[in-house]
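Enquirer: Chain residues, written in single-letter form:
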Amino acid sequence: MADFWKRLGEIDRRIIFVLIALAVLVPLALKLAFPIPVGKGPSKDFFDSVDSLPPESVVLMSFDYDPSTKPELHPMAIAIVQHLMSTDVNLVAMALWPQGASLAQEILVEISDSLGREQYHDWVNLGYKTGGLVLIARLGSSMKAAFPTDLSETPYGQIPMLDGIQRLCDFDMIITLSAGDPGIPHWVMVASDQLGVPVGGGCTAVSAPQFYPYLQRRVGERPQMEGLLGGLRGAADYEALLRRKYAQAPPGTAIAGMAAQSVAHLVIMVFIVLGNLSYLALRKRKEGQR
Amino acid sequence: MRLYVPLGITFIAGIIMILEFFVPHDPFPTLGGHVKDWYTIVASSAIFLGILNLLRVHLKKINLRSRNWQYSPVTIIGFLGMFGTGVAFGFTEGPFFFMFNEFVVPMGATMFSLLAFFVASAAFRAFRASNWRASLLLASAFLVMLGRVPIGDLIWRLIPGAAESAHPNLVTEIGEWIMRVPNMGGQRAILIGAAMGVVATSLRMIFGIERSYLGGTD
Amino acid sequence: MGRLGLFLVILIGPVPALAAGSAGPDQARPVADSFEAVDSPNDAGGVIELSWAMSPGSKLVDSMLVTRSKAGGPENVLSVVSPVSTSYRDTTVANGVRYSYALVPMLDGRRLAEVGPVAASASAQWIHSGRSGMLIITVILAAFILYFIRHGRKGGELYIRQIAGLSAVDDAVGRATEMGRPVLYIPGIMDMDNIQTIASTVILGRVAARTAEYGTPLMVPVSKSVVLSVAQEVVKEAYLEAGRPDAFQKDSISYLTDDQFGYAAGVDGIIVREKPAAIFLLGAFYAESLILAETGRSVGAIQIAGTAMPSQLPFFIAACDYTLIGEELFAASAYLSREPKLLGSLKGQDVAKLFFMVVIVLGVIASTVGQAWDPASEIAAFIRNLTHVE
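Here the protein sequences line up with chains C, Z and W, keeping their order.
Quick note on numbering: my numbering labels position 14 of the first sequence as 14, and the sequence is numbered without any gaps.
Quick note on numbering: my numbering labels position 177 of the second sequence as 177, and the sequence is numbered without any gaps.
Quick note on numbering: my numbering labels position 138 of the third sequence as 138, and the sequence is numbered without any gaps.
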């Protein structure tokens, strides 16, 4: 019996890997779907702050991620761009990560085509620029100095929708989808804390806990972040809220992914319980021997 | 000379950046803007150093037939293939764009996905209820894991009367509370401590007390 | 309220002008109310901010012209703004020159009666009023640190507690030497502008000094080109100082890729092929932290990790033998070198931290008591203003 508990506590990690793979694959293959209950929380706060932007507002959306975190952050980006383009809000996209610019372009072109929005009048993609925090600080004084042209080399001055947009203060909101550094903390430090522009955004689930301090709200004061979408769950929340508001919004991939994530969490919990059963049984045995 | 020039540059650039933050009067915003522009230029051009090193290390490995040299041609062909097609056919379309979307994107996502497997095996190994604090951590982890996925509330609603109660999403709410209150307190403590360390290290560097990042210990 | 005195509010003018009403009672009201022009605060000058509120019930106009004139000069149209706009920033002014502004409603191509004029002049400020609290805090922190550096230099007694992860550096390198396997040093994935990377290169120097002394191979794969040159320089100097310049191999410090997971894959490959006996993961890490640490664990390496990224700390604690938490990473340089001036700066940092802890506790108490007792809420508001940054 003791051997059983010992072996249980030392399960080969490859067995864990196989079961996790199955826990993700099977729900996706069976197209399992769970309802997404969205109550009060950072996802709802973020959705509400985007939804309450007045018409003609200008939003800066920074795509600070790359393909590796695409499964988590791209569904958020799609839902947010759909939301912004469904309302009369103008969208300026940029990227602090090199590959973010092309990921942004992919979404912007597809959604603007489907919703009949026009490049340079309703949206523009300024592309990627290196520099991180330093670049954001530069944007605080001059957008044009940092981005003399957009992604397609059109000069900043020739883009009609950028007329009157000189620096970060001229934006009504900044949205960052951040996979790491540079990302959320840098936008909060410069754009929100120093310049007072509302900042919101999304991040990978693994980094979400560290941004909760930015979300605290005090009566009469603006929080450092308007809201936060944490990982696939955050994306699913946004998709659910978007579909609640616009029934015609196309279904997103995040809601579909939640079933797989649910089962994977359960499998991990089962393993933790097994590990603890083994640990407690062996400890009891040791104490008995003593 | 080799020591004092970099120390002087660090001091001047550091002081300019501090003054730019507190003094909006010219010339500090302009000087600060220049320092930021220079950093952007230096950071962008430094990539060539990396490329040269990459090619040098792997060509040398092939030349000397060092251990595992067989991997080096793969690296060089991969690098030159991507770079060459990008220059020849453009970076936003054509073969480069195809390889980027069909090779780089899935490979990056695959590496990131490994995290799920490693999290599972690390959690299995590390989460042991060895004392009351570890048990508390374990209980919080369970609640957060359930609270981050819809199945947590679905399980809660299996309890008779739970679905009609004032808290039909109780598990999500508890998970959110753990994130918002105890987690936020802990995060803040680490964040404030680390920020103090950042400020102190920056001051040490600006005033030339910390020099070992320039090479050597003093 | 005090900072309002810093910038110039020239005029909050009466708004007598009415929309030229040839017909209809709704046109007999001003289009805009409380039209004002103020110097933009906390800047280098050159900007005047105009703001106004639309009068409720006034006639809707097609657009509005924002006009500007200098004393005795001609009127220039600065911009045509939409009828729902309520503000405009004039960024084309010279400091110290007084400008008059007016708002001209346009309807069917006709100019209606203007609102204004109001006048203002732009000026530059020497201190950012919204950051004065931060300035005080920075000065206090710097004063503590500089005082204790002086204290340390004079030979004052400075105690530093045991940090297990740093004490284990020598053992880890020693173990690699005994096993005849290399040491792998991973300085994070961020560039040299990240202070954690700088702290890591400082520790790299100490580790390199040990590997030079013991004759153990050291591998440093990096993810950023600038880090590559710095790491090469730091390791080279450490080998020179240890009297082993011959053992220094420039290529052992190599650039892999800037890509986060490409780098993680590359380092994983090195770990699996070379099977290092000791792995140092010190610096700024993101999601790749656990991928690297688990792979290191799978080859049986002794692992010392350290980062100030709160979200990655649990992973390191789960998978590594020792973990430096947050500021311990920044204390490493002083801890390993035991130089009095560095230890002094650490002591100064600790005293400053104690000071801020007292401020935080006072703030919490004042804020809580302030719910029932007004003087306490004033203290809370003072502390909040002091720590607030714009």
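Hints listed in this document are in silico derivations from the structure and should not be mistaken for laboratory results.
Keep in mind the model is a prediction, meaning the values are calculated, not measured.
Just so you know, not all the hints are guaranteed correct.
DSS-like cross-link-like pairs, simulated, lysine-lysine; straight-line CA separation at most 27 Å [claimed, not checked]:
hint	chain 1	residue 1	chain 2	residue 2
1	W	K353	Z	K60
2	C	K286	C	K6
3	Z	K60	W	K250
Footprint (simulated), chain W over chain Z, 3 or more residues, beta carbon under 8 Å [claimed, not checked]:
hint	stretch
4	43 to 53
5	122 to 134
6	184 to 193
Note that the Cβ used here is the ideal one computed from N, Cα and C, for glycine as well.
Enquirer: Now, for every hint given, state plainly whether the structure supports it.
Expert: Verification of the supplied hints:
Straight-line distance between C-alpha atoms of W/K353 and Z/K60 comes to about 50 Å, which puts the hinted pair past the 27 Å bound. With a C-alpha separation of about 12 Å, the suggested pair C/K286 and C/K6 falls inside the 27 Å cut-off, and the hint holds. With a C-alpha separation of about 12 Å, the suggested pairing of Z/K60 with W/K250 holds against the 27 Å cut-off. For the stretch 43 to 53 of chain Z, the assignment as covered by chain W holds, since 8 residues bring a beta-carbon within under 8 Å of that chain's beta-carbons and 3 suffice.
Coverage of a stretch by a chain is defined here by at least three residues with a beta carbon nearer than 8 Å to that chain's beta carbons; for the stretch 122 to 134 of chain Z and chain W the count is 4, and the condition holds. Look at the stretch 184 to 193 of chain Z against chain W: 6 of its residues bring a Cβ nearer than 8 Å to a Cβ of that chain, three or more, so the hint holds.
Figure legend: structure checked against the earlier numbered hints; the only hint not met is number 1.
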